[in-house]
Amino acid sequence: MSLEHLPKPEELVKEDVLTPPESPWMDTPTVFKPGTYSFPTAAKNLKYLGMPNPREWSPTDKDWKLPDNWKEIVLDGIRERLLKYRSFRVFMDICVRCGACADKCHFYIGSGDPKNMPVLRAELLRSVYRKDFTALGKIFGQLAGARELTYDVIKEWFYYFYQCTECRRCSVFCPYGIDTAEITMMGRELLHLLGLGINWAMEPVANCYRTGNHLGIPPHGLIDMWEFMVDDIEDITGVKVGLPVNKKGAEILFVTPSGDYFADPGTYTCMGYLMLFHELGLDYTWSTYASEGGNFGLFTSHEMIKRLNAKIYAEAKRLGVKYIIGGECGHMWRVMHQYMDTMNGPADFLEEPVSPITGTKFENCKTTKMVHITEFTSDLIKHGKLKLDKSRNDKTITTFHDSCNPARAAGILEEPRYILRNVVDNFHEMPENTIREQTFCCAGGAGLGNDENIEMRMRGGFPRGNAVRHVVDKHQVNRLTCMCAIDRATLSALCEYWAPDVTVGGIHELVANAMIMTGEHERTVDLRGEPLIPEEDEDV
Amino acid sequence: MPTLEIEGKTFDVDEDGFLQDPDLWNEEVARLFAKTEGIQDMTDEHWKVVHYLRNYYLEFNIAPMIRKVCKDTGFKLKKIYELFPSGPAKGACKVAGLPKPTGCV
Chain A
140 MSLEHLPKPE ELVKEDVLTP PESPWMDTPT VFKPGTYSFP TAAKNLKYLG MPNPREWSPT
200 DKDWKLPDNW KEIVLDGIRE RLLKYRSFRV FMDICVRCGA CADKCHFYIG SGDPKNMPVL
260 RAELLRSVYR KDFTALGKIF GQLAGARELT YDVIKEWFYY FYQCTECRRC SVFCPYGIDT
320 AEITMMGREL LHLLGLGINW AMEPVANCYR TGNHLGIPPH GLIDMWEFMV DDIEDITGVK
380 VGLPVNKKGA EILFVTPSGD YFADPGTYTC MGYLMLFHEL GLDYTWSTYA SEGGNFGLFT
440 SHEMIKRLNA KIYAEAKRLG VKYIIGGECG HMWRVMHQYM DTMNGPADFL EEPVSPITGT
500 KFENCKTTKM VHITEFTSDL IKHGKLKLDK SRNDKTITTF HDSCNPARAA GILEEPRYIL
560 RNVVDNFHEM PENTIREQTF CCAGGAGLGN DENIEMRMRG GFPRGNAVRH VVDKHQVNRL
620 TCMCAIDRAT LSALCEYWAP DVTVGGIHEL VANAMIMTGE HERTVDLRGE PLIPEEDEDV
Chain S
-1 MPTLEIEGKT FDVDEDGFLQ DPDLWNEEVA RLFAKTEGIQ DMTDEHWKVV HYLRNYYLEF
59 NIAPMIRKVC KDTGFKLKKI YELFPSGPAK GACKVAGLPK PTGCV
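If you read the protein sequences in the order shown, they are chains A and S.
If you read the first sequence in our numbering, its first letter stands for residue 140, the second for the next number, and so on.
If you read the second sequence in our numbering, its first letter stands for residue -1, the second for the next number, and so on.
Hints in this document: simulated from the structure, not taken from any laboratory.
Derived, one-sided and incomplete: chain A residues facing chain S with beta-carbon distance under 8 Å:
1. Phe178
2. Trp339
3. Glu342
4. Pro343
5. His353
6. Ile356
7. Ala402
8. Thr406
9. Asp590
10. Glu591
11. Ile625
Examples of chain A residues toward chain S, derived with CB under 10 Å:
12. Lys183
13. His359
14. Met364
15. Phe367
16. Met368
17. Asp370
18. Ala624
19. Arg627
Just so it is clear, CB atoms sit at the ideal spot from N, CA and C, and this is done for glycine as well.
Turn these sequences into a full structure, and let the hints guide you.
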C-alpha cells in the first residue's frame, strides 16, 4: 500500500473519524483493517532464529494456527517474567489510571482509537494479569478490571502491541514513571512464544543473525557500497578518503545502522562519517561483522536484544580496538544506554573512551565504552578542530527532530543542536512540546515502518507532521534533520504526506558539507550532487 | 503463503507480490511480473535495468544502492520511474526477482 491510496491529509484526521466506539472496551472487537497492521513473520525467519511455531498465516485468518496449549504458554510466560523482571510486576500493579498519558500518544492523537491510549494499551495486558495473578481480580473479575485470556485477547494484543513504537513519550508524563514501552515489549515477548510477530521486525533480526546487519548485506556487498561512496566523495571534493575495514589493532571501531550504507538519504550521512574520519586522520575501522548499529531485538524480546548486541562487543574484542563510536542510530542508544551493561557488559576489556584529537574523556561511557558520534563531533567543534564553512549549507533551512531514543533514553539533546548551529545558519526549532524529551515519534519505529502499515504510520505521524508544517509556514523550513536511520526512512514518507517539499537528512551530511577538507577542490555541489547555490538564485 | 497467478502460471510470492524463490526467475518470469506492474512490453531499456539488478544480486546477494543503479545504467531516477512506475525498489526489483529489502529503509 502506498501514500496515494490514503485519503487527503485533512480528511485522515477529521473529527468524525476520531470518534471513539460506543461499546465498552472489553466488548469492542479488533478489526484488522488493511493499512493499519503489519504482515506476520515469514516462517523461514522464525526457523532461522529457532523461534516457536514457524508457519504461514495472516492476521485476517480466523485460525492463527496457535499451539493447542497457547493459553498455558502465555500464562506461564507472564508468570516467568513477573519473577524475572521486577519492573514488569511494578508496572502491572502501580498504575492508578489517572490518564495523564492518555492523549500523549501519537497513535491515539492520529487514530482516536481509545486502545491506543497508553493506559488502555497497558490495560490489555494488565486485565489478564489481574485475573490470573491477583487475589482481587480472581474474586471480583471484571469489577476489578480483570478479564479472561481468550483467543480474541491474543488477536487484540497483536494488533495494539504492534501499534506502539515504544517511543516512551507517554512515560515522560506518567507521575509514576511507568515505562509503557516495556509493557509493549513484554506483550510482544509473550506473543512471540506463540509464533506471533511481524516480518518487518523479524526479517532484519534473522538477517542480522546471519550476516551482521538488518539488510542482510554480505561483506563484499558492504565493500561495494562503501567504495561507491568513496568514489562519490572524490567526485565532489577531489579528496580520496580512506576506507579502513576489519582493521585489527585500530583504535576505534565505528558502528552505524546498515540503512545508511544502502538507502538515501542515510547514505549522505554515511559519506559524512567517511569524510570526517579521513580529515581527522582517525585510526578507526568499519566492520563487516558488526555492521549494524540498530538492534531489532529491542522490538522482539530481551533475549534477542542480548544476542544481537553481543556481536558488537565480540567484534571489538576480536579487532583489539580501544573503544567504539556509534553513528546516527536511534534505538541503538536505548540498548546501549539502558540494557547493554547488564546484558553483555561491563566491557572491561575495552578502554575508557578518550578523544584522540582533543583529549576529552567521555566519562558517561565508562562501562559501555561506546561514544555517540554527536558527542564526539560536538567536542571537536568546541575545541576548534574542524574548519567549517556554514555558507555551503545556506540553501538549507532546517529544523531538528529529536529521535525518540537518543532524546528520551540517552538525554542527547544539546550535542546535535550545538553541531547544527555551527554548520548551518538557518536552524529553527519546532514548538517546545514537540521536541527534546517531548519529541513526537516518526510513527514508524519498533518495526512498524513498513508499507502495509502506511495508514497507521500517517495517522501516528500527524503530530510530528503538524509541527513540521508549522515551521514551514513560519520560517520556510525545507529540511528535517534527524539522527536515526529509521527516522531518515520513515520521516521521508511522513513529510511527503504531511509537509511536502521538506527533505530529510542526517547531521553528519550537513557537517561534511560545511567541513573544509585538506586538499579539496572548490566545491560546487553538496553531498547529494545538487548545486550549492540553487540555480534559480544565480541571477540575483 | 500468497500465490500470484499470471497467464495460467502460479508463483509463490510475499504479501507485496515479490517472488519468494529467486532461483525460479528467468526472462519469461520477468515478463509476467512486469505485467503486474503495468508494463505490457519490456523494452531494451527495461531489460538493461532488470539485467543490471539481477547480475548485481547474483554477485552481492542484495539489491544495489539506488544511486548506483542510476550511475551504472546511465538512467536518471526519473527515467527509472518512467520505466517502472512503482520505482526501482518496489517495481524494478520485483520484475528482476529480487527479495524486498527490510530494516531501516
